[in-house]
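From first to last, the protein sequence lines are chains A and B.
Using this note's numbering, the first residue of the first sequence is number 1, and each one after it goes up by one.
Using this note's numbering, the first residue of the second sequence is number 1, and each one after it goes up by one.
To be clear, the hints were calculated from the coordinates, so they are not data collected in a lab.
Predicted, not measured: the structure shown is a model, and the values here were computed from it.
Don't take each hint at face value.
Going by beta-carbon spacing under 8 Å, a handful of chain A positions derived as facing chain B [unchecked claim]:
| # | residue |
| --- | --- |
| 1 | Val102 |
| 2 | Pro184 |
| 3 | Gln187 |
| 4 | Lys190 |
| 5 | Ala191 |
| 6 | Glu194 |
| 7 | Pro197 |
| 8 | Ser201 |
| 9 | Tyr204 |
| 10 | Asp205 |
| 11 | Leu211 |
| 12 | Leu216 |
Okay, derived cross-link-like pairs now, EDC-like style, lysine to aspartate or glutamate, Cα gap no bigger than 16 Å in a straight line [claimed, not checked]:
| # | chain 1 | residue 1 | chain 2 | residue 2 |
| --- | --- | --- | --- | --- |
| 13 | A | Lys190 | B | Glu119 |
| 14 | B | Lys154 | A | Asp80 |
| 15 | B | Lys108 | A | Asp205 |
Just so it is clear, CB atoms sit at the ideal spot from N, CA and C, and this is done for glycine as well.
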Amino acid sequence: MTINNNGMFARATPLLFGALFIIGLVAPFAVYPTFLMKILCFGLFACAFNLLLGFAGLLSFGHAAFLGTAGYACGMLVRDLGVTPEVGILGGTLAAAILGWVFGVLAIRRSGIYFAMITLALAQMVFFFALQWKATGGEDGLQGVPRGHLFGLIDLSNNIAMYYLVFAVFCAGFFIIHRTIHSPFGQILKAIRENEPRAVSLGYDVAKYKLLAFVLSAALAGMAGATKTLVFQLASLTDVHWHMSGEVVLMTLLGGLGTILGPLVGAGVIVSLQSELADKVGSWVTVIMGVIFVLCVLLFRRGIVGELQALIKRAGIN
Amino acid sequence: MSDFILETAGLSKEFKGFAAVSGVDLKVRRGHIHALIGPNGAGKTTVFNLLTKFLPPTTGTIHFEGQDITTEAPAATARRGLIRSFQISATFPGLTVLENVRIGLQRKLGTGFHFWRSEKSLDALNGKAMELLESVDLGRFADTITGEMPYGRKRALEIATTLALEPTMMLLDEPTQGMGHEDIERVVALIRKVSEGRTILMVEHNLSVVANLCDRITVLTRGSVLAEGSYEEVSRDPRVLEAYVGSADINDAHH
Numbered sequence: 001m002t003i004n005n006n007g008m009f010a011r012a013t014p015l016l017f018g019a020l021f022i023i024g025l026v027a028p029f030a031v032y033p034t035f036l037m038k039i040l041c042f043g044l045f046a047c048a049f050n051l052l053l054g055f056a057g058l059l060s061f062g063h064a065a066f067l068g069t070a071g072y073a074c075g076m077l078v079r080d081l082g083v084t085p086e087v088g089i090l091g092g093t094l095a096a097a098i099l100g101w102v103f104g105v106l107a108i109r110r111s112g113i114y115f116a117m118i119t120l121a122l123a124q125m126v127f128f129f130a131l132q133w134k135a136t137g138g139e140d141g142l143q144g145v146p147r148g149h150l151f152g153l154i155d156l157s158n159n160i161a162m163y164y165l166v167f168a169v170f171c172a173g174f175f176i177i178h179r180t181i182h183s184p185f186g187q188i189l190k191a192i193r194e195n196e197p198r199a200v201s202l203g204y205d206v207a208k209y210k211l212l213a214f215v216l217s218a219a220l221a222g223m224a225g226a227t228k229t230l231v232f233q234l235a236s237l238t239d240v241h242w243h244m245s246g247e248v249v250l251m252t253l254l255g256g257l258g259t260i261l262g263p264l265v266g267a268g269v270i271v272s273l274q275s276e277l278a279d280k281v282g283s284w285v286t287v288i289m290g291v292i293f294v295l296c297v298l299l300f301r302r303g304i305v306g307e308l309q310a311l312i313k314r315a316g317i318n
Numbered sequence: 001m002s003d004f005i006l007e008t009a010g011l012s013k014e015f016k017g018f019a020a021v022s023g024v025d026l027k028v029r030r031g032h033i034h035a036l037i038g039p040n041g042a043g044k045t046t047v048f049n050l051l052t053k054f055l056p057p058t059t060g061t062i063h064f065e066g067q068d069i070t071t072e073a074p075a076a077t078a079r080r081g082l083i084r085s086f087q088i089s090a091t092f093p094g095l096t097v098l099e100n101v102r103i104g105l106q107r108k109l110g111t112g113f114h115f116w117r118s119e120k121s122l123d124a125l126n127g128k129a130m131e132l133l134e135s136v137d138l139g140r141f142a143d144t145i146t147g148e149m150p151y152g153r154k155r156a157l158e159i160a161t162t163l164a165l166e167p168t169m170m171l172l173d174e175p176t177q178g179m180g181h182e183d184i185e186r187v188v189a190l191i192r193k194v195s196e197g198r199t200i201l202m203v204e205h206n207l208s209v210v211a212n213l214c215d216r217i218t219v220l221t222r223g224s225v226l227a228e229g230s231y232e233e234v235s236r237d238p239r240v241l242e243a244y245v246g247s248a249d250i251n252d253a254h255h
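Please model the entire structure based on the sequences and the hints provided.
Here you go:
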């Protein structure tokens, strides 16, 4: 049974990815591009977070630090040093990767709630740093970041052009995550998540594997943050605030922890709800998010994509 | 090369003043199946954890193949070829049976950190993995999700995964615990088979298993070595009989 179902999923996956890719290509002609770009940026952020929690079993409560730091780094590079947007995105990603390495080295030897608390504490330090430092603009954030010209050629102030850059960044990030999960490294990561002492007894230095997973996740979260800064031409304290670290947990759980598409779906739902409800109910949005979170944990723990997969599997068996 | 593959001297472990293991001098001869027995709470599993570096000793030294490994990291000790099993079966339940064995084989490829490489590159190990699975009678379960298998087969899989590392010495923590008669016979036969060309140290409660499998026995009580010798010697030792409450146990085990 299991074999057949796995086979079925394996065959269906390329088709599904192909269909989604085409939808992604035509979507900006049907839906407001800025809205789509926001979903893709948060989708990538959540996918990066999911790589760590869903596949390495590490709950980081400080991922906003990577999103935000990369956003600031990209903003400064593009606005203050005048580099082209692709260099800004790479620079932001690199900054997040380095920060991820520092966080990782300090936190990785603890597990569970202690790991989460250390990452939270470190992320709060980054928040206060962003608040106090002149170059990051404090309360005002980094405003007026120009989108610039991609490779010095393509004008990104055109929303459609900007969209395709964001889409390309998302696809690249998504591919890296997909490949990482289905790599020799991914296999060992799964083994560590399933039974850490056994992985140690087989001779694997688990801390090193976790550290690499952490750096990859941080870098990809940074890639999302840097891209987001270009889209909105702004890097702000919201992106480094611990609320953001919580929101990405919600997106991932709602969409489906440990599923490849779940985080994107979760990000889509949360971003849609926020933009739909913001004008209508004001600060009640927070309460509504809280209720959704509780319902998700109580009623459908596998998340939207996880529940759908289970449904398909059951239908396949019967 | 010394006759003893594993030697400890004065090995002790204290937990907040409580001596779980004290002054253990254990010598395991190369090629032997050596049993560590003793009543509950005697410190057998603690000794295992010390030998495999899962716990740091309070005092004492551990030498493996003549090298001092007392302060080494657990994964590094495993890479020397000293591999342990656990009291509760240690598998990766969400992976398939084949993938479990491949985790053991994979380290030799040296691509453990290659996150950019396709997992198809691991298919090169499938032949060797199937061979190992066949050797423990699990060939036809290769594609089964491990968590769905019965306990006895999980233990067999655990041994196959350990064998994938070509260990020079295996430490088995109660390999027959919680098993029925048939499973026990299968595991005993398996241990005898895999003991060829390697050394085994096992913790075991089932004395008939110990009697018909082990070359040498160390009896542990309250963290110290009480007696050591062949099964015949140990089972006649009055101190050992006394340590086992209801001293008839150890003699009945023969039958």
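The hints, checked one at a time:
Annotation: Val102/A was flagged as interfacial toward chain B, and the flag is violated, the nearest CB pair being 19 Å apart, outside 8 Å. Restraint check, Pro184/A versus chain B: the minimum CB separation of about 4 Å is within 8 Å; hint holds. Hint on Gln187/A holds. Least Cβ distance to chain B is approximately 6 Å, under the 8 Å limit. Interface hint at Lys190/A: satisfied, since its Cβ lies 6 Å from the closest Cβ of chain B, which is below the 8 Å cut-off.
Because the smallest distance between the Cβ of Ala191/A and any Cβ of chain B comes to about 5 Å, under 8 Å, the interface hint for this residue holds. This hint holds: Glu194/A has a C-beta 4 Å from the nearest C-beta of chain B, less than the 8 Å allowed. A cut of 8 Å between beta carbons decides the hint on Pro197/A: the least distance to chain B is about 7 Å, and the hint holds. At a threshold of 8 Å, the smallest CB-CB gap from Ser201/A to chain B is about 5 Å, leaving the interface hint in force.
Checking Tyr204/A against chain B by beta carbon gives a least distance of about 6 Å; that is within 8 Å, so the hint holds. Residue-level restraint check for Asp205/A holds (minimum Cβ-Cβ distance to chain B is 5 Å; threshold 8 Å). The beta carbon of Leu211/A is not positioned within 8 Å of any beta carbon in chain B (closest approach about 10 Å), and the interface hint is therefore violated. Hint status for Leu216/A: holds, given a least beta-carbon distance of 7 Å to chain B, under 8 Å.
At most 16 Å may separate the alpha-carbon atoms for a hinted pair to count; Lys190/A and Glu119/B meet this at roughly 13 Å. A threshold of 16 Å between alpha carbons decides the hint, and for Lys154/B with Asp80/A the separation of about 60 Å lies outside it, so the pair is violated. At most 16 Å may separate the alpha-carbon atoms for a hinted pair to count; Lys108/B and Asp205/A meet this at roughly 14 Å.
When the structure is compared with the earlier hints, violations turn up for hints 1, 11, 14 and for no others.
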